[in-house]
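2 protein chains.
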Amino acid sequence: MKKLFNFFKKQTYFFLLSAVTTLIVSSATAQMRNNVDSVMIRALYDEVLQSEEMDVNLRYLTAHIGARMTGSEQAKQAVDWLKATMSGYRPDSIYLQPVMVPHWVRGERETASFTTGGSTVKLDLLALGGSIGTSGTLTAQVVEVKSWTELSSLSDEQVRGRIVFFNRAMNAREAETFKAYLAAADQRAQGAIAASKKGAIAALIRSLTLAKDDYPHTGAMSYDTAVKKIPAAALSTNSADKLSAALKKDTALKVSLRISSRQLPDVLSYNIIAELKGASHPEEFITVGAHIDTWDVGEGASDDGTGLVQAMEVLRAFKAIGLKPARTLRVILYMNEEAGAHGGVKYAEQASARNEYHVAAMESDAGGFTPRGFRIEASPEVTAKFREWALLLAPYKAGDIQPQQRGVDLIPMRGMTKALLSLDCDDSRLFYIHHTALDTYDKINPREVAMGAGAMAAMAALLCKYGL
Amino acid sequence: MKKLFNFFKKQTYFFLLSAVTTLIVSSATAQMRNNVDSVMIRALYDEVLQSEEMDVNLRYLTAHIGARMTGSEQAKQAVDWLKATMSGYRPDSIYLQPVMVPHWVRGERETASFTTGGSTVKLDLLALGGSIGTSGTLTAQVVEVKSWTELSSLSDEQVRGRIVFFNRAMNAREAETFKAYLAAADQRAQGAIAASKKGAIAALIRSLTLAKDDYPHTGAMSYDTAVKKIPAAALSTNSADKLSAALKKDTALKVSLRISSRQLPDVLSYNIIAELKGASHPEEFITVGAHIDTWDVGEGASDDGTGLVQAMEVLRAFKAIGLKPARTLRVILYMNEEAGAHGGVKYAEQASARNEYHVAAMESDAGGFTPRGFRIEASPEVTAKFREWALLLAPYKAGDIQPQQRGVDLIPMRGMTKALLSLDCDDSRLFYIHHTALDTYDKINPREVAMGAGAMAAMAALLCKYGL
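Just so you know, the sequences run in chain order R and U.
Going letter by letter, the first sequence gives residues 1 to 468 in full-length UniProt numbering.
Going letter by letter, the second sequence gives residues 1 to 468 in full-length UniProt numbering.
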């Protein structure tokens with residue numbers, strides 16, 4: 001009995017010892033791995049934070065090319081310049097991926113006004129991307145609505161032949177501005193369809209911003225093939241408030257609207273793809289991207305000039321510190337995120353056709369402001385992995401992991417990769433300039449852009465090293 | 001035996017039951033308290049995020065008063081306007097607290113240049129606050145140093161009769177920009193003393209910024225009564241780089257420097273103090289503050305116009321939602337933070353003389369950018385309390401609690417209160433504009449200011465409700 005007891009005691013002892021040893025060793029290994037990773041991440045941040053490359057690039061892009069709407073001459077120039085610039089960072093390969101894209105043009109700058117009490121009030125507006133024109137000047141009464149319910153409750157008679165004015169403001173009480181944007185963006189995306197279904201002849205949308213100013217915010221809109229297309233434009237918030245106030249006094253007032261925009265035939269354009277080939281798993285891809293195209297106003301500094309220079313910086317920083325990825329790093333600069341993500345769709349189609357294995361796909365398209373971390377679309381297990389890695393980014397204040405990635409160009413990759421992730425940035429400033437003439441270089445802070453690029457490089461390095 | 005056992009069983013059962021009940025009840029109470037507090041905080045944020053009051057105030061302050069250096073006519077105007085504005089929010093009392101303050105004037109705008117290879121290069125500079133003038137133009141050779149060690153290693157002979165040029169750059173690798181600032185600010189604060197000790201006749205300091213531009217950053221400097229005063233000025237980083245490059249080619253080059261600044265006699269000025277009297281503990285004070293004075297360039301928008309409108313907003317929001325604090329809320333707008341914290345010292349002296357009990361003192365003076373939470377100077381127990389409260393601020397992304405509060409006006413309150421706390425803001429943008437002509441309204445984002453005011457109001461409300 002005693003012998004047996006001793007045997008068990010020994011066994012237990014051995015078991016405990018081995019368990020403790022395993023624990024110590026594995027924890028020490030984890031610690032060592034963390035230390036090595038910390039050093040790698042520190043080196044990437046050091047490179048990015050001390051370099052002026054991104055700032056020089058963003059200045060060039062905004063000052064010498066500026067707005068670069070899909071299908072435009074400037075978009076072509078941007079492709080050429082971005083390819084040449086990234087080539088300078090000596091990737092293992094760089095090539096253009098052809099993609100047919102829509103070519104919408106604004107034409108003459110749009111005008112709108114109403115006359116009330118004998119005086120004419122001009123409205124500041126921008127046609128929404130893809131909107132048809134008005135064929136001369138259209139003049140009609142206006143129906144203001146602040147919700148879909150309000151629109152539904154109107155009879156077709158009340159809407160027919162009129163302009164529907166969608167005047168639901170972004171909710172300033174929502175702490176996360178981006179959520180307030182998403183919650184109001186349905187008016188811009190679906191307003192023309194809903195208004196047309198009830199017989200309206202045009203749609204005016206309150207700009208998606210918390211600012212009270214004279215800058216209209218353009219953006220994408222949808223048409224439904226089953227519903228008659230009608231012109232649609234965004235009013236600045238000041239103009240929306242003026243129109244709303246005037247309608248309260250004079251419900252019969254008429255707005256005169258002139259929009260010259262039109263859709264031209266699709267044109268050939270390109271995604272730009274650069275690679276650093278993986279040393280041990282070249283067939284596994286980690287993509288880091290941003291979009292080339294912009295709207296036609298402003299300089300496309302924040303949306304998405306910052307993302308472009310950050311994505312290229314990841315490659316440059318890898319090369320500069322001599323980091324040879326185990327898996328293949330692919331930088332993808334997409335064409336036409338703004339009006340249908342044709343570049344994103346093309347990339348996913350070809351990746352699928354070639355049966356390529358994508359570990360993860362990342363995009364930076366949140367304005368280039370102070371990074372907070374990443375928004376991730378992945379399984380709970382994979383998300384847990386990112387949360388572990390995020391501890392390494394916490395010293396740089398980029399360790400926040402949130403659900404619901406927001407990279408539009410990544411959506412076509414759903415189901416083809418283990419994780420989609422978008423750089424998450426502070427969103428306070430974005431909707432003051434988003435899709436407006438105010439999206440210019442002077443609104444950008446180079447330090448914020450650099451901190452974002454550091455986070456992207458660090459996350460890309462971990463993905464390249466460990467996979468998922 | 002069985003009886004005894006049953007007795008114990010009963011007792012145990014009773015004990016367990018009572019423990020569990022206590023746990024449930026106390027946790028339910030805590031939960032209820034949290035819910036009530038959440039609702040209070042939501043109401044404060046709702047008020048602040050939907051109001052245009054702060055933006056209107058900041059526009060007025062920057063456009064109609066602008067820079068308001070201690071002792072200046074504009075500082076007087078600011079006192080009058082701030083008192084009138086805050087009176088409009090109907091505090092229970094509002095009064096001016098007299099304080100004698102220094103009156104330094106820049107005089108004619110300073111000039112500096114050097115001639116090398118036949119051409120003259122102008123330098124962009126600003127005298128540091130408190131610097132003496134040069135009595136005409138001073139021309140001397142320059143000794144460049146990048147560290148205190150480097151200065152120490154020079155013989156007095158090498159320094160005597162020369163200008164010491166402190167050219168240590170802020171460390172871009174430091175993830176937290178504010179830390180990089182603090183680590184480089186010793187040159188500005190102590191440079192003139194250290195240089196004079198070795199016989200230098202002037203000091204030039206590289207501006208404290210990560211930007212590479214033509215804007216010099218002024219700021220406070222010290223003299224030592226035991227050491228001869230010499231003039232000191234900050235060079236823009238571009239000018240510092242030019243001078244450094246030129247010195248490498250021509251070590252004997254001479255800089256001509258002209259500074260007209262001088263110290264006038266002290267003048268009478270004021271702190272502004274407004275109160276909402278505590279309903280149940282009126283003798284316990286929670287202070288919320290910011291500073292009125294600025295440097296003489298720019299508009300004092302970020303430093304500390306944002307803090308002023310935020311501190312006043314706390315009072316306005318309390319009144320607007322009908323929040324009657326249990327303890328007394330005191331809003332203090334301090335005079336002369338920038339050059340000696342005379343207002344802060346005066347406030348602490350009088351609070352001490354009156355034997356007032358201060359629960360906590362808060363200041364907003366970190367630029368008015370996106371808030372992250374609070375920096376707190378308190379015992380570990382009190383800090384733990386703040387960490388618990390911070391959970392209520394996390395939904396507003398203001399739940400980060402860090403050590404080392406940074407409100408200069410609060411330092412005189414050390415030891416007189418349980419906690420000093422400063423609003424902690426994202427620091428990426430601050431040192432691009434800090435103490436320069438660039439500190440203007442257009443650099444400020446109203447949403448960021450509002451999010452900061454929400455956090456301050458929420459924290460002040462918790463402090464007023466619970467004390468410490």
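Simulated from the structure, these hints should not be mistaken for lab results.
Among the hints, erroneous ones may be present.
What the hints assert, rightly or not - Computed footprint of chain U on chain R, listed as stretches where at least three residues anywhere in the stretch have a Cβ under 8 Å from a Cβ of chain U: (1) 81-91; (2) 169-181; (3) 344-355.
Claimed, not checked - With the C-beta cut set under 7 Å, the calculated list includes, among others, these residues of chain U facing chain R: (4) S51; (5) N171; (6) A172; (7) A175; (8) K179; (9) L210; (10) D214; (11) L392; (12) Y396; (13) D426; (14) R429; (15) N445; (16) R447.
Note that this is a predicted model, so its numbers are computed, not measured.
For every residue, glycine included, the Cβ atom is placed at its ideal position computed from N, Cα and C.
Evaluation of the provided hints:
1. 81-91: violated (count 0)
2. 169-181: That given contact holds, which follows from 5 residues of the stretch 169-181 of chain R lying within Cβ reach (below 8 Å) of chain U.
3. 344-355: Answer violated; 0 residues pass the 8 Å Cβ test.
4. S51: Violated: closest Cβ of chain R sits about 9 Å from S51 of chain U, beyond 7 Å.
5. N171: violated (9 Å)
6. A172: Check passed: Cβ of A172 of chain U comes within 5 Å of chain R, closer than 7 Å.
7. A175: holds (5 Å)
8. K179: At 12 Å from the nearest chain R Cβ, K179 of chain U fails the 7 Å test, so the hint is violated.
9. L210: Nearest chain R Cβ about 6 Å off; hint holds.
10. D214: violated (15 Å)
11. L392: With Cβ-Cβ at 12 Å, over 7 Å, it is violated.
12. Y396: Since the shortest Cβ distance to chain R is 5 Å, the answer is holds.
13. D426: Since the shortest Cβ distance to chain R is 5 Å, the answer is holds.
14. R429: For R429 of chain U, the interface hint holds, since the closest Cβ of chain R sits about 5 Å away, which is under 7 Å.
15. N445: Holds, because the Cβ-Cβ distance from N445 of chain U to chain R comes to roughly 5 Å (cut-off 7 Å).
16. R447: Where the cut-off is 7 Å and the nearest Cβ of chain R is about 4 Å from R447 of chain U, the hint holds.
Hints 1, 3, 4, 5, 8, 10, 11, counting from the list given before, are not met by this structure.
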